[in-house]
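> Please arrange chains B, C and D on chain A, whose structure you already have, making use of the hints.
Number of protein chains: 4
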Amino acid sequence: MTTETGTLTDTDTDDGAGHAPHGYISDKKRYLDRLKRVEGQARGISRMIDDEKYCIDILTQISAVTSALETVALGLLDDHLRHCVADAARTGGPEAEAKITEASQAIARLVRS
Amino acid sequence: MTTETGTLTDTDTDDGAGHAPHGYISDKKRYLDRLKRVEGQARGISRMIDDEKYCIDILTQISAVTSALETVALGLLDDHLRHCVADAARTGGPEAEAKITEASQAIARLVRS
Amino acid sequence: MTTETGTLTDTDTDDGAGHAPHGYISDKKRYLDRLKRVEGQARGISRMIDDEKYCIDILTQISAVTSALETVALGLLDDHLRHCVADAARTGGPEAEAKITEASQAIARLVRS
Amino acid sequence: MTTETGTLTDTDTDDGAGHAPHGYISDKKRYLDRLKRVEGQARGISRMIDDEKYCIDILTQISAVTSALETVALGLLDDHLRHCVADAARTGGPEAEAKITEASQAIARLVRS
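Chains A, B, C and D, in that order, give the protein sequences.
Numbers given in my numbering equal positions in the first sequence, counted from 1, plus 16.
Numbers given in my numbering equal positions in the second sequence, counted from 1, plus 16.
Numbers given in my numbering equal positions in the third sequence, counted from 1, plus 16.
Numbers given in my numbering equal positions in the fourth sequence, counted from 1, plus 16.
Keep in mind that the hints were calculated from the coordinates and are not lab data.
Treat the hints with care, since some could be wrong.
Chain copies aren't distinguished; within one or between two, either way the pair holds.
[To be verified] BS3-like, lysine-lysine: derived pairs with alpha carbons at most 27 Å apart:
hint : residue 1 : residue 2
1    : K44       : K69
2    : K69       : K45
3    : K52       : K69
For reference, chain A alone in the conformation it holds in the complex (with noise of 0.2 Å):
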């Protein structure tokens, strides 16, 4: 969202290299580093299988896996409301009531899962 171009694109799902097309830009090296973390968790719990560590403790770090999931989602929502969802409700229009729809879809998966 840096660039000049940046703020209404928003709600389209183009990719295209060149400018930062959409929302959660400006937290991009939290989101990252959140990641690389859950990686590396990931590559742990892998090891702890492979060494036969104690069930439970396993299961005590996929939780913590999840639960950093579920921030990273958490956050990437919020960053999705806050930018597509209330552009489009500027908008307004049947493509504002597109993006709710798809913003509920995503909010049920993740209360479901």
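Relative to chain A, chains B, C and D alone:
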């Protein structure tokens, strides 16, 4: 876990070579494959964020990883009940009680995470 | 929520007769029917416990109630995004920001509960 | 389970006095109190919807009920492991296997609901 030496190694986290100490050994490869896939998916999510892919598509990926981790956790828990907890129940006494309390706490963490 | 007077009543909890203040009014009956069913299910669970029915059957009933409540919550949240949040987004400014922050927090509570 | 013969007494965890067939009998009152509260909360949510209270406040109430039901479920599951499953494990054989499979499936439903 029916070997005489195995029974009491349940609570340590010793990964000593020799005698597979924990109950999930038979499925090790399946667990490792799944976790390898989780790692790959986490890397994929990082790339999607780095490339600023559409938010909702990233959320869908995160839900997939969370579900995969849940499947691993539920599998490990089933193995744990089937081996460690059942063994402890046969032994009885305070150790059995402690094993079940520990399993219940792990279940609560999974349900609430 | 498109009436002039409606828009700003979103944040109060006033239930004053007269002008339906919140966006889910159109589906009220559907929500009330579902909650009536949830109440009945809760009573059924009490009876099962009182009659000492089989544990697993009671757990199945509890999962059904939890799912029903989730469906109500996701429906209300969709309505809330579609009306209150979209209205606030159109107005813009700090109120819009506050509405989205509040919605994100409610989503986080649902995801984590 | 109010029949004299206790026909469906499953794993028969009968703990003394006549026919108490299932393991959670000692905590019956606590469970019934909690469920009475859940029923009251469900009625309260109906009233909030009928009075068109603020959406977010209703979602908060739903999260509270969901958490209360989870607590009941986790308590019943702990009791179930401690009595039915542990008893079956002591008996061993295919019945023990079946009890654990059934418990794992109930856990999966809780984790995924």
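> None of the hints should be skipped; say for each whether it holds.
Here is what the structure says about each hint:
1. K44 / K69: between (34 Å within a copy, 12 Å between copies)
2. K69 / K45: between (33 Å within a copy, 15 Å between copies)
3. K52 / K69: both (23 Å within a copy, 17 Å between copies)
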